[in-house]
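Engineer: Using the sequences and the accompanying hints, generate a full structural model.
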Amino acid sequence: MKTLFNLSALTLAVTISTQTTAAEFSFTNKIDDNANALVLFYAQDGSNKQFKSLNKTLNNQLQRAIDSNDFSGKYASVVEVLAPHNSDFNRVLIVGTGKQDKLDKALMSKLGGNIHAQLLANKTATATIASDELAGVNSNSVLAANFAHGANLRDHRFEKYKQTANTHTISYSVDVDNAKQAKREYAQLESIQAGVFLARDLTSEVATEMTPVDFANAAKELESLGVEITILEPQQLKELGMGALEAVGRGSQQGARLVVAHYKGSNDTPIALVGKGITFDSGGYSLKTGASIARMKSDMAGAAAVLGTVKAMALAKADKNVVAVMAMAANMVSQFAVAPGDVVRTAEGLSVEIVNTDAEGRLVLSDAMWYAREYFKPQVMIDVATLTGSKISAVGNDYAAVFSDDDELVQQLTLAGKQVNENLWRLPLGYKDTLSSDIADLKNLGSSGPGATTAASFLQHFAGDTRWVHLDIAGNALASKGKDEISAGGTGYGVRLLSEWLLNN
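For the numbering used here, count along the sequence shown from 1 and bump the result up by 1.
In short, the hints are calculated from the structure, not lab data. All C-beta atoms, glycine included, are put in the ideal place defined by N, C-alpha and C. Incorrect hints may appear among the rest.
What the hints assert, rightly or not - Only pairs whose alpha carbons sit at most 20 Å apart, straight line, appear in this in silico SDA-like list of lysine to any residue: (1) Lys-419 / Lys-53; (2) Lys-50 / Ser-78; (3) Lys-100 / Ala-77; (4) Lys-53 / Gln-64; (5) Lys-484 / Val-79.
Stated by the list, open to error - Ranges of calculated distance between the beta carbons of each label pair, as one might list FRET restraints: (6) Asn-167 / Lys-221: 24 to 34 Å; (7) Gly-390 / Asp-102: 32 to 42 Å; (8) Leu-83 / Asn-357: 54 to 64 Å; (9) Asp-406 / Ser-69: 54 to 64 Å; (10) Ser-438 / Glu-240: 24 to 34 Å; (11) Asn-167 / Leu-83: 49 to 59 Å; (12) Pro-341 / Glu-409: 33 to 43 Å; (13) Ser-438 / Glu-224: 36 to 46 Å; (14) Tyr-162 / Lys-50: 28 to 38 Å.
Structural biologist: As structure tokens, then:
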């Protein structure tokens, strides 16, 4: 993980605060008898030869422990044996992996996160992972690498503002069937981790320190990885006719920015990833109320996710042509801010009556989608946005909502999400008639119908003939506490999903 942290540190120190210590992993072909802790896997339907061998070495203590706990190897079940005789281990964790025909890289990533959290709580310094005979849907090397991946994802912390940061780290040695192959598998996951950590740090940063300009400066740091960065300022947006994006940013002192990050790893027609980047959403004159406003620093999580994905592809040196187009603005209240009832004209040429200034995400995305189509002619365009509270009401926080008329893309992305525990649930497009306005081509809020759907249908006006998918990640961007491979704070939701899809389609 040290290498990964050095790569992550390429981002601006003024805006990004990554922990100074992190879990470290080495892949080997033996168990480290001197480690503080031993993690031993146990399958419900496996031979469990490694368990039996170690149990014999430890005078049958492991078997007695699982018998007394009625342990069968059910997935994620854990029996802990403290200070076993005849060993130097302080603790042995016997971890159930369930049935082998179900165990895949997604489940191993979750397991890695939760086991790491348990060891971290016990202040463990060194741990050895006995995974030499681990078997499942994926190869032994893939399963072991994803256990490490999940542990490092859970380990990530944003503690810039704490007086005393948690500096504890764990050093792991992983006993695997093929150490070289496991190292290769993990190297690609490290690239994706770096993208996730960038997205998490950008999302976790407080709004006064993560303005559109701060975000643009963080994006510039990717130039050292061969990513081409373009930044358009308010006057340039006006000149291009991007009246919707410019209008949303008008209430803040800095105004709006369009940030473009292009990684050209091939000469293929590009894939466009479009991100909503509202660095703080007050709601504008349609002011938000209640405690939820304190979470509105995360309204730029879509932009963070697509930028993190570009970083992941650049670090992996993927043979992909990917461009992230990020519409950045702070939706604030001032004498210059748009008011309910105002009409703006988008770069597409469509006019929009703003009946609610808190429905600003679709406005900034409309111009960003036009820009992606106009300047890159992408084969596929995917927008990612914390767009609607209605999405949370529909599918909660464990799923993101996916909207598209393209069945193939929906299927591909849904499968990719399952592989990395970023699950999607399809919701319908429709109710376009509710967006009609008396004085403009569209309203920015449906007069009736499900809000997540009417918001997606608004965006569909700006997809043109391009294959297009909309991902509504409202509720997925911030976690109040750690769980599985997710740490508290910004989640980086979307980076792993998009990276998995890009690398396998």
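Engineer: Decide, hint by hint, whether the structure agrees.
Structural biologist: Do the hints match the structure? See the list:
This hinted pair does not check out: Lys-419 and Lys-53 have alpha carbons roughly 33 Å apart, beyond 20 Å. Taking the CA atoms of Lys-50 and Ser-78, the gap is about 19 Å. The hint holds against a cut of 20 Å. As the CA atoms of Lys-100 and Ala-77 are separated by approximately 11 Å, the hinted pair is consistent with the 20 Å bound. A hinted pair counts as satisfied when its Cα atoms are at most 20 Å apart, and Lys-53 with Gln-64 qualifies at roughly 8 Å.
A hinted pair counts as satisfied when its Cα atoms are at most 20 Å apart, and Lys-484 with Val-79 qualifies at roughly 16 Å. Between Asn-167 and Lys-221 the beta carbon distance is about 30 Å. The supplied range of 24 to 34 Å therefore holds. Remark: the range hint 32 to 42 Å for Gly-390 to Asp-102 is upheld by a beta-carbon distance near 39 Å. Take Leu-83 and Asn-357: their Cβ atoms lie about 58 Å apart, and the range 54 to 64 Å holds.
A C-beta distance of roughly 57 Å is found between Asp-406 and Ser-69, which places it inside the suggested range of 54 to 64 Å. At about 26 Å, the CB distance of Ser-438 to Glu-240 agrees with the hint of 24 to 34 Å. Taking the beta carbon of each, Asn-167 and Leu-83 are about 24 Å apart, not inside 49 to 59 Å as hinted. Evaluation of the 33 to 43 Å hint for Pro-341 and Glu-409 yields a pass: the beta carbon distance comes to about 40 Å.
Between Ser-438 and Glu-224 the CB atoms are about 42 Å apart, so this pair conforms to the stated range of 36 to 46 Å. The supplied range of 28 to 38 Å is broken by Tyr-162 and Lys-50, whose beta-carbon atoms lie about 49 Å from each other.
Hints 1, 11, 14 from the list above are not met by this structure, while the remaining hints are.
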